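**Q** Next come the chains, spelled out residue by residue.
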Amino acid sequence: MKLLTHNMLTSKCLKGVTVGYPLGIVAKDIKLCVVDFNSEFIARIIPKLDWATLWKAADSIGHVGELPQTLIQDFETNEEFLKKVHHVLLEVDVINGDLLCPESGRKFPINDGIPNMLLNEDEV
Amino acid sequence: METPIVKLSNKDLDTVYEPSEDSFLLIDALEADLETFKSQKSQLCLEIGSGSGIVITALAAALKKYNGAYFCAIDLNPNACKVTKETSIANSTNIDVIQMDLTNNIYARGIFDIILFNPPYVVTESLEVLDERLISKTWAGGKEGREVMERLFENIPKLLSDNGYFYLVVIKENDPEYIIQIFKDLDMKGEVVMDRKVRGEHLHILRFKKTGQN
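First to last, the sequence lines map onto chains A and B.
Letter by letter, the first sequence follows residues 1 to 124 of UniProt numbering.
Letter by letter, the second sequence follows residues 1 to 214 of UniProt numbering.
Don't read these hints as lab results, they were simulated from the structure.
Computed from a predicted structure; not experimentally measured.
Incorrect hints may have been included.
Said to hold, decoys possible - Straight line, CA to CA, 27 Å or less: simulated DSS-like cross-link-like pairs of lysine-lysine:
#: 1; chain 1: A; residue 1: K2; chain 2: B; residue 2: K65
#: 2; chain 1: A; residue 1: K56; chain 2: A; residue 2: K84
#: 3; chain 1: B; residue 1: K7; chain 2: A; residue 2: K48
#: 4; chain 1: A; residue 1: K84; chain 2: B; residue 2: K38
#: 5; chain 1: A; residue 1: K31; chain 2: B; residue 2: K7
#: 6; chain 1: A; residue 1: K28; chain 2: B; residue 2: K82
#: 7; chain 1: B; residue 1: K7; chain 2: A; residue 2: K12
#: 8; chain 1: B; residue 1: K11; chain 2: B; residue 2: K65
#: 9; chain 1: B; residue 1: K64; chain 2: A; residue 2: K31
#: 10; chain 1: B; residue 1: K210; chain 2: A; residue 2: K107
#: 11; chain 1: B; residue 1: K143; chain 2: A; residue 2: K2
#: 12; chain 1: A; residue 1: K48; chain 2: B; residue 2: K172
#: 13; chain 1: A; residue 1: K31; chain 2: B; residue 2: K82
#: 14; chain 1: A; residue 1: K31; chain 2: B; residue 2: K38
#: 15; chain 1: B; residue 1: K38; chain 2: B; residue 2: K11
#: 16; chain 1: B; residue 1: K65; chain 2: B; residue 2: K7
#: 17; chain 1: A; residue 1: K48; chain 2: B; residue 2: K65
#: 18; chain 1: B; residue 1: K189; chain 2: A; residue 2: K48
#: 19; chain 1: A; residue 1: K2; chain 2: B; residue 2: K85
#: 20; chain 1: B; residue 1: K189; chain 2: A; residue 2: K83
#: 21; chain 1: B; residue 1: K64; chain 2: B; residue 2: K85
#: 22; chain 1: A; residue 1: K107; chain 2: A; residue 2: K2
#: 23; chain 1: B; residue 1: K64; chain 2: A; residue 2: K48
Pulled out of the complex, with its shape left as it was, chain B reads as follows:
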C-alpha cells in the first residue's frame, strides 16, 4: 500500500491530527489483510475520526481497482472533514465525508465490511475529554484512555457485516485484554494483529470480527 500524500497547512494543524506512528501502524495492519479484503470482496468501508484522511485514503487507493468499493469517513471536526476530502481528491480516491459525532447518525443495518477507528487514546483526566478545543479531541481519552472509544463499542456489532472486520488502535495503558473481553461479551472475537513501541507509547492494533464466522 502506498502512503497517501497529505498536505496540512499550519492552520489545519491547529485542529487536525498530523499523521503519526499510530496512523502508519494502522495502515500496515490493513496492508497485511489486503488479500483477505480482496478475496472477501469487502465493499463498504467506514472510518470514524478520519482526521487528515490518510488511513481511509490509503485503503481506498489500494482497494478501488479490485472491489469498486465505497468509502465513508466521519469526523466531528469540520476542518478534519475538509482535509479528509482534500486528501482523498489529491490521491485520486473517492471518499464521502460526514461531520458527525462517532456513528450517532448512521442507520445500523450491519452492512459495513471494514470499520476503522484510531480513537483519542491518551490517558487524561475525564474533564479533558470535554475540552472544546478540537485538537485535544484528537488525543484526550479520559480515564484509562477509553472514555471516547467505549462510547462506540456497543454499536460495532450493529454496524458491521457478518464477515466484517473492525480495526481499533490502542495503547498498552488502555488495557487491550480488557477491551478484547468487552467485545467477547458483544459476541465478537478480538486479537492483537500488530504492535510497535514508539516514543513512550506501546501501540497495538486490535482486529475484531463476529464470532461464528470464518
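So that you can see chain A by itself, here it is in the shape it has in the complex:
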C-alpha cells in the first residue's frame, strides 16, 4: 500500500464513527521501490491530497525525510521538492502492518501490500 492510497482511505462507514480520517498506520514491513519520476504528475496531484495526512503518515512510519510539515509555496516549479513528494507518495510501500480507525481503534490488516477494509455485518 502506497501512502497515496492511504491518503484516500477512511473508516467512516463503521457504525458510530463520524469522520474516520486519517487512519493510523502501524507498519511492520516496508519495501522501498523505484518508480519513474514525473514532475508534472506530482505537481498536479499535490492539490488533490490531504497534505497533513500525508506528512503524518510518512512521519509515523519513519519515512518523512525532509518533507516539510506544511506545503510550500510555488511547489510546481520546485523539482527537488517534487522529488521528495514523489518518493513519499509512490516509493514507500507498506507490505505488512495495520491501518487503525482513529475513533474506534478498529484494525484493518495489511498483508502482502493489500489492506483488508472489509467489515463484518454488525459493524456497519
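Based on the hints, put chain B in the right spot on chain A.
**A** Only chain B this time, still in chain A's reference frame:
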C-alpha cells in the same frame, strides 16, 4: 492497447472471474478513448471489482508512459486482490490493490479521473446476491441485474473529478436507458459508447461524465 497476460490457476478460477467478452469490450472502449485520456492527462484511475485485474492492467500499461498515472484496484474477494496484484506485476505495471466492498472506505474527494466498474450484472433472484460463495459474487446481479451496481451509483459523482469518466459494463436486461436516467438525476450525462452481442448477452459499455463539463 495490448491485452495483458493473465495467469489463473484452477484454484483461482474457483473464485475469480476469468476474463471474458465483457472484459475485452471494456478494454476496447478504453482503447477508443485513449487519446482523450492522454490529452486530459488523466492521472488517478480506479477499478471497482477488478477480478483478474486484466482491465486496469491494460489501462495502466497503455497510460503509464504518458501520464505517470496512479492506478488503484478494489475487490472484495481476497483471491481476486492477490491475482490483480500478480497480473499487474506480470505486465510491468504498478497497481495498488485494496480489499473492500465497492467504495465503502474511499474518502470521496472527487479526485478520480477514470473509474471502471464491470459489475455482477446477470439477472438473478435477490437472494443470490447474498450468496456467500465468492464466484457467484462475480455475476449475480439480483433484480434486473442492477442490485449491486445501484449501491454504487450515488457515490460516483462524489468520487469522480470534474472532467472524469465513469465506465460501466451492463447488459440489455439491466435497461441501459433507465441507468442513464438515474445518472441524469445525479447531474451526469451518460451514453452507450460500445455494444456487442455475444452468446445470448447483449453487452453495452456506458460512459458517464458530469454535466456542464467539456
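**Q** With reference to the structure, classify each hint as holding or not holding.
**A** Hint check:
1. A:K2 to B:K65: Measuring from Cα to Cα gives roughly 19 Å; hence the hint holds.
2. A:K56 to A:K84: holds (15 Å)
3. B:K7 to A:K48: violated (35 Å)
4. A:K84 to B:K38: holds (25 Å)
5. A:K31 to B:K7: With a Cα-Cα distance of about 25 Å, the restraint between K31 of chain A and K7 of chain B holds, given a limit of 27 Å.
6. A:K28 to B:K82: holds (20 Å)
7. B:K7 to A:K12: violated (36 Å)
8. B:K11 to B:K65: violated (34 Å)
9. B:K64 to A:K31: Holds - the C-alpha atoms of K31 of chain A and K64 of chain B are around 21 Å apart, at most 27 Å.
10. B:K210 to A:K107: violated (36 Å)
11. B:K143 to A:K2: violated (38 Å)
12. A:K48 to B:K172: violated (37 Å)
13. A:K31 to B:K82: holds (17 Å)
14. A:K31 to B:K38: Cα-Cα ~30 Å, so violated.
15. B:K38 to B:K11: Roughly 38 Å between the alpha carbons, so the hint for K38 of chain B and K11 of chain B is violated.
16. B:K65 to B:K7: holds (24 Å)
17. A:K48 to B:K65: Distance of about 21 Å is within 27 Å: holds.
18. B:K189 to A:K48: Holds - the C-alpha atoms of K48 of chain A and K189 of chain B are around 24 Å apart, at most 27 Å.
19. A:K2 to B:K85: holds (13 Å)
20. B:K189 to A:K83: violated (38 Å)
21. B:K64 to B:K85: This hinted pair holds, its Cα atoms lying about 16 Å apart.
22. A:K107 to A:K2: holds (18 Å)
23. B:K64 to A:K48: holds (19 Å)
Checked against the numbered hints given earlier, this structure breaks hints 3, 7, 8, 10, 11, 12, 14, 15 and 20; the rest are met.
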